[in-house]
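Generate the whole structure from the sequences, applying the supplied hints.
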Amino acid sequence: MTDEELRDELIRRMEMDQAMRDPAKGSPGDKRLARLQRLDEGNTAWLYSVVATRGWPLISQVGERAARAAWLLAQHATSRDVQRLFRELMADAVESDEASPRDFAYLVDRVRVRSGRPQLYGTQFHDGADGLEPMPIEDLELLDERRRAVGLEPFAEYEAFIRKSGSH
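Residue numbers (our numbering): 152 to 319.
Possibly wrong hints are sitting among the right ones.
What the hints assert, rightly or not - Restraint-style ranges between C-beta atoms, simulated for each label pair:
#1 Gly193 - Asp290: 35 to 41 Å
#2 Asp159 - Asp243: 22 to 28 Å
#3 Glu296 - Asp248: 19 to 25 Å
#4 Gly282 - Asp248: 36 to 42 Å
Hints are computed from structural coordinates only; laboratory data are not their basis.
Glycine included, every Cβ here is placed at the ideal spot set by N, Cα and C.
In structure tokens form, the structure reads like this:
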């Protein structure tokens, strides 16, 4: 697969992912949830085969939009073990400026939350008694420092946006 073919396929899969998750379509019913699960399973298997044969899709290979698409597919990975592998591969790409540290922070938090651990960047929310609330966060006093280091806005701004938009 050439870089261009990979770029096009990553973008195509990201667009399908986002169309399927479009909040304008209302609350997902059982059929839509089952289709979404199949889509995520297919994307997880496909991205796994890509990274197994050619490594993590780098910005210099596929461009920023497609590199972001790879992150999004990793964010929605159905297997925790595979998602952890994606996190490790993306970590190396971030180290060499070949992936977004900002996107990576979301993946780190997703992996930690799925493993029952507190998140580091405060990107993951859930429905709580008072609407959307953040999942547990490690070392809360250092949260904004960690967020700033990866290019994220202060947590108070992000939390206000999440609560106002009602999406997470």
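Structure-inconsistent hints, enumerated in ascending order: none
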